[in-house]
Structures are given as structure tokens and as C-alpha cells.
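Join these two chains into a complex; the hints should help.
Chain residues, written in single-letter form:
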Amino acid sequence: MIVTRAPLRISFVGGGTDIKEFYEKYPGRVISSTIDKYVYTVINYGHLLDEIVVKYSETESVKELKDIKHGRFREALRKLNIDGTGLEIASFADLPGKTGLGSSSSFSTALLKALHAHLDKPVTKQVLTELACELEIDILKEPIGKQDQYATAFGGLNVFQFNTDGTVDIEPVYIDYKVRADLEDHTILFFTGTTRSASSVLSEQKESMADKFATYKEMSDSVPAFKEALQNGDFKELATMLNAGWEKKKTLAGKISNDVLDTLYTTGIDSGAWGGKVLGAGGGGCLFFIAPPDAHKSIVQALEEKATESGLKGFKKIDFDFTQSGTDILFNSSPYHA
Amino acid sequence: MDDVSKHLKDAPAEEISKAINLLQAVYERDGRIYIFGNGGSLAIATHWVSDFNKTVFSHNLTGHPRRFQAMRLPSTEEEMSAWANDVGYDMVFAGPLQNYIQESDCVIAISSSGNSPNIIKAVELAKARHVPVIGLSGFSKDNKLNNLADAKILIETDPGAYTVVESVHHAILHLLTSYFQDYFDNLTERNERRKK
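Chains as they are written, first to last, in the numbering used here: chain A, 897 to 1234; chain B, 1251 to 1446.
Everything labelled a hint here was simulated from the structure, so no lab data went into it.
The C-beta atom is built at its ideal place from N, Cα and C for all residues, glycine as well.
A few of these clues could be false.
[Stated by the list, open to error] One-sided and incomplete, this derived list gives chain B residues near chain A with beta-carbon spacing under 7 Å: (1) A1275; (2) S1308; (3) R1379; (4) H1380.
Just chain B, same shape as in the assembly (with noise of 0.2 Å):
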């Protein structure tokens, strides 16, 4: 729990500022938001999604007509397991992404390592259609998914620390969670005080 702790103090606040701005870009513009990731990573892209398209509007779930638009890519297990099986692995993230992306759009992509082979086939889909990239990574800052990101939300560990970069990318997940819930908490309260 120590090194969790020292990670979290430690978070690359710039990144993580840069990486709300994108956010928010995308929202005024109401494009959507792609995540994904392997295994662990997987999970916080799902956690990711219910979080930004509704715990970020709980408080006044009927008051915001645009909402966040992010989905988990790919979005079943029947596609996953189609591009892995009939085309490789490596395709289970790009492949899906293309039935989707469009400029005004970003892209989340989680990867501990940095290096996933799927991942950085996405993260270069993105990159070439001039998507932004939001990349959450770890061990090393020499990673793939770092020096291509937009936004570099990196967890620099020693290699192999899975348990402390999920970790801390899952709080920061939540940071965002939090953020964007107080923003449009406030939003609400500010409408309701100008139609005054």
C-alpha cells in the first residue's frame, strides 16, 4: 500500500490536467470516447464507461440533455473473439475502433506496461486520424503508449508492478469521476441562477 500511496502523490498532474481539457473538448463538440485495455486494464475501460455516461450525471440525471458518449471497445465478446480468432489478436482493439472513429472523437487507452501489441495498433489507428489520445501507463517512461499519447498519464514503477499502476490508474479514473460530477453539479446550480 506504501508504493500505491507514493504513486498517487506522485501522479503526473499536468497530464492528468491536460487529459481533462481533452475530455472536455470533446464533450462541448459531442464526440465520443473509446476505452480500452487488457485483462485488469479492461476492467477500469468498463469501470470508465458506466462512470463517465452515468455516475458523472447522477446528481441530476435528467438535466443534461448531451452526456458523455463513451464506450468499451470492443463493446461485445462475440467481437473480441472474432478479430482474435479470425484475424489475431492484435486487431481486437483497432478492428472495432474503425467501425467507429471519427475526428471528433478521443481515445482512452489503458496499458500497464505500455507495450501491448493491440493497444499501440489502436492508439495508431487513432493517431492517424488525428483522434486524441489519452494514454494511461506504467513501468517504464520509454513505453510505446507514453511517447504516443496525447495526454501521458504515466505510473513510472518498477517493471512487472501491475497490482500498484492498476492501482492508481483506477484512482485516477476516479479523480476524473469526481471531477467532471462536481463540474456538472456546478453547471446545473450556475443554469438555474442565470434563467433567474
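So here's chain A without its partners, still in its complex pose (with noise of 0.2 Å):
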């Protein structure tokens, strides 16, 4: 057996400057950190098993690899020239998908590091994250960006910065853990209990970039100041600068905000946070806020009464930490392996 896992992430500011798009014509850039919440991959050898079983929200057993339904194991195993007969292959995720966290691209490449596992092939991060960038967006043509498998391979905090000429440069942001702690302690991660999915939102975005240009190059310029002041531990400012992102944000697509997110948000801010926005391609998943420590809990019960109001059954806070570590392999109990 095989198990891997890649983390989740929070994106601050940037998200959207890492379309293609965009960052042909300007470099784009990301910040964020990996959580520790993750999506795993396991891998279990089926001895008597003639066909391939595929376990995710469905259990898929089929003879032959081109009958899988879900794209992403399917094109996987079809790119690493890996039959798959004998192979159980199932996903595990400590939240479920769409919550604007990355989910999607940790799949990817949990998925793929297992699969290379299962090959006997240690992977880079590097090889790791182009492989998930090809799969999901030239073999399986969705509209997203390459931020999230970023991400998740590499782990940790991280600016990613998207070259006009495709490569991609990643710069590790060195915070001690007093400021990390610190920052844990300023922030709070609500799931709004809904889930959009992030291509509908990123393909209005992509159709309109042309005339939103300025605002896509004004975040992208804004990474390298929020930086510095998460450097300099200075969260009144940082939660300033998100609040801006999201107000820049909510102007690039008709459907990344709505009027329950508006009110959520809203509600936030009147309890006392500083600063938010809504997490991923936006349309419902994931709020994030900073807020100074003594206002947490005036915050969570302000916005578990909206929520209830709204009729938002699966509204919940997240606890989580920030983490270091990026897509690994947590156990092979193949006998051989290198």
C-alpha cells in the first residue's frame, strides 16, 4: 500500500494573476501558505483484482482504463503509462472540495506522487507540479490557474511569481514561528456552506481580462508590499491590503461574490476583524478574516447567527496552522522501492 498527501492552501493576494492570460502579457503573483488539512491518496494492490477501482465520492470498477469517468485519475494513469489493473486507486480529504482551499490541485498531486510511487520514481516538486499543471489544464482543459499546484507541491509560504516566458520563480517567505503563531492567532477560517465550482467563476473571469487588465496588474503588484508587512508582522496592515484584493476582486466577475457572502462578510467586518475575503475563484467556499485576538469571538458568534439566518446549514469555523510541508509520501509498504 501507498498513502500520500498534499496540503490545502490560503491564497492572500494575487489569486487570478496566475491565468495564462494574464502573465503572458505582465507577471503575475501569488502569496499563500499551506494549512494542515489535506487531501491523501491511496494506493492498495489487489491481487485477484482483473479491473481498475477508483474510489472517490463514487467507487468506479472498470476493465478498462478509458471507462473511468473521473478525468483526473483517468488522464493521470493514462500520462504515466500505467495500465491500472489490479490497482484499488481512492481519495481522502479532511474538507470537501469547491471551499476555495486548493483542493482540487492537492488532488492532483497526491495523486500523481502516488503514482510515481507506485512506479518506483522519486518525482520533484518541480517535475511533481508541471505534471499537475499539464493534466489540468492542457489535457483536461479547465480555465484555472497554476498558483494551486504550486502550492501544494512545494508547501509552506510562498510567493509564486508567473513569468511572461512560462517559468515560474518561488520565493520562500522566512517568517519565524512567533509571527506564524501570531498570525494564526489573528486569523479565523469559516466555511460558509457552500460550494461553487472555480471554473465557472475563473471562465467569466477569463473572458473579460482584456478590459480588466489595470486591476489584474494592481494585485499582482500588491504581493510584494503584503510580503513585507507578514514579514514585518503587521496584520492591521495585511488584513487592509485583503480587504483592497477582495474590493478588486469582486469587479473582475459578476459571480465571485453574491448577496449572502456580502452579508457574511459585512457582518465580520461590523463584529471587529480588520480585514477578509473570500478564499479561491470566490462564489461561495471558504471566508478568511484577520482580527485582532480578542475579537474572535465576538466574530464566530456574529456570523453563526447570520448564517443560521441565511439558512447556511454547513456553516462552520475551520481551526487550522500554517505548515512547511508540501505533497509527500507518508507510507509504502512496497518491500522494493527506491
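As C-alpha cells, this is what we get:
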């Protein structure tokens, strides 16, 4: 059996500038950190199994690779020339998908890492990232960017710069544990109870890229200042920048926010948060706030009440820590593996 | 002593930060840390194991079910002599490392010259398995360990300045020990606060 895991991530500012339509013309930048919530892939060897079994929210048992309905399982196996017969491949996650925490790319890197372990082939973080991008963007034609694949493969707190020639610079942001712990004490993460597909929001964004180019440019250019404020532990400034980023982002596509999200966001600010944003492409998913620690209790209470009023049954606070590790093999029982 | 304090002040802060992140990541994924060196550097390796396995958790020994898993290689003199006598001295680290190494692990290699063949053999094995390497070296920046390491903790001195390089390496070990001791103390305190 092989077990791999890939972390989810919180993207602070710059999301959207990692789309090709933008970074081909001007360097995109994103600053994000991985958190201690993961997507796992398990590969089991079914010695009497004469088919391929993939397990996610559904279970598929098929004789031939081409019959797998789940695009990522199918195309990842095909890309690595794995026939798949006799393999049971399952995916598990600490949190549901479509929450704005980059889980779909975590799924891809965890899966690709596990398949490499199955092949007894070590893979670098860079190659793993590029394979995940190829799988999602080139093969499956998803209208997404590249930030999530990098974030989850490399792990930690990083600035990613997406250059016009297609290369990506990875700049780790060094903060000591005191600043990291202080940041954790200032942040609150909520799952709104609604999910959305990033693709639907991003497709709309892509179409209007030319009109909104200046806004994207401002978002990309705001990343270095955010990094500096983070290193200085200036959380109030970070919150102001998150707000500004979120206000800009809302103008990029109609689907990014909606009345319920706006109400929840305003409730957070009114009950003491310095700033915040909806994570990921928008349209639903998770809300993230930066707030003084002594205001957390009243913010949580106010948002929970508002969520109940709005009929959001799945609304819940998510406790998390920022992490350093990326996509890793946790277990590999194959006796001959390299 | 002037030399030691000068090089301490010039210690590569960013590379030490990189090493901290690598060690943090290994802790998160419950991997192992293999440490080795020759002569005085082997003494630093052994000291490192003791500090990371016990000292960093000293203030709350029962409170951290997950701890660092640091090992000095080779872990016994018998293995050292068996590899040296039967195979060759260049295999005393790479030989035992092969028994343990997994992708979730990390290596700390200590060599003042950065060119000891037995150290380089083991580091090459780690690199082939995509295991991150923290390299503590000295003398010239063009040494093999410094070129191969992911975190390049180099103390640039005149060739042969072993006492200076080893003293600074030792101080860096203590710096990392203090950092993680503070980190785990802070974690204990925060976890108690969060429970309330």
C-alpha cells in the first residue's frame, strides 16, 4: 500500500494573476501558505483484482482505463503509462472540495505522487507541479491558473511569480514561528456551507481579462507589499490589503460574490474583523478574516447567527495551522521501493 | 576567538531559515533526520541527536507525543568498522543510510572541508532519493557538500581552519536547538490556551 498527502492552501493576494491570459502579458504574483488540512491518495494492490478500481465520492470498477469517468484519475494514469489493472486507488480529504482552498490541485499532486511511488520513480517538486498543471490545464482543459499546483507541491509560505515566458519563480517567505503563531492567532477561517466550481467563475474572468487588465496588474503588484507586512507582523496592514484585494477581485466577475457572501463578510467586519476575503475563485467556499484575537469570539458568534438566519446549514469555523510540508509520501509498504 | 565571533556574525541567516523550514516539514510528516560527519563533526552529529531528540522537548517531556526522530549514522561502532573494513571507508555513512532512508526523511551532513568522500557518497544517495539535505561546511564555497545541499550553511574561512568552522557549526546547532525548544514551548502554551 502507498499513502500520499497534499496540503490545502490559503491564498492571500494575487489570485487570478496566475492565469495564462494574464501572465503572458505581465508577470503574475500570488502569496499563499499551506495549512494542516490535506487531500490523501491511497493505492492498494488487489492481487486477485482483474480490473481498475477508483474510489472518491463514488466508486468505479472498470475493465479498461478509458472507461474511468473521473477525468483526473483516468488522465493521470494514462499520462504515466500505467494500465491500472489490479490497482485500487482511493482519495480522501480533510475538507470537502470546492471550498476555495485549492483542493482540486492537491488531489492531482497527491495522486501523481502516489503513482510515481507505485512506479518506484522519485519525482521532484518542480516536475510534480508541472505534471499537475499539464494534467489540469492542458489535458483536462480546466480554465484555472497554476498557483495551487505550486502551493501544494512545494508547501509552506511562498510568493510565486508567473513569468511571461511561462517559467515560475518560487520565493519562500521566511518568518519565524513567533510571527507564524501570531498570524494564526489573528486569523479565522469559516466554511460558508456553500460550494462553487472555480471553473465557472474563472471562465467568466478569462473572458473579461482584457477589460480588467489594470485591476489584475494592481493585484499582482500588491504582493511584495503584502509579503513585507507579513514579515513585519503588521496584521492590521495585512487586513487592509486583503480588503483591498477582495474589493478589486469582486469587480472581475459577477459570480465572485453574492448577497449571502457580502452579508457574511460585512457581519465579520462589523463585529470587529480588520479585514478579510472569500478564498479561492469566489462564489462560495471559505471566508477568511484577520481580526484582533480578543474580537474572535464575538465575530464567530455574529457570523454563526447570520449563517443560521441565511439558512446556511453547513456553516462552520475551521481550526487550522499554517504548515511547511508539501506533497509527501507518508507510507510505502512495497518491499523493493527505491 | 575573534575569528569565531566574526564568522558567527556572518553566519548565513537565510540558509539557516531554509534549514529550519526543512526540519519543520520533516516534523510535520513524521520523517527521520539522519546526521553524520567525521571526527569533530561526528561529535557535533551525536550532540545534535541528543539535543533534537530530548533537549528541544525538555520543558514538557510528556506533552509532545510526536517528537523529532534524529539518528546519528552509523548508529553503532560495529557498523562503522564493518563497512570500513569490508567495503571501504567511503561507505561508512552511505551504507547505513541505505538501510533507513525514506522520502519523508531529511539529512544533515557536517564536513568542514565539504569534500570528504564518505560524506559526499551519502549526500549523493540522499539526493538520488529526493531527500532534502542540510549541509554544514566550511573553507571554500566551492566545496562539493555546499554545491549539493538544499540548505547551504557555509562558514567561509581560510583552508584548514577546522577549529573556527567546527565552533561555528556547533553554535548553529545550539541556535537551532534553542529555536525549536522555544517553538515547542510556545506550542504547548498555545494549545493550552486554545483548549480553554
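Hint check, failures only: Per hint list: single violation, 2.
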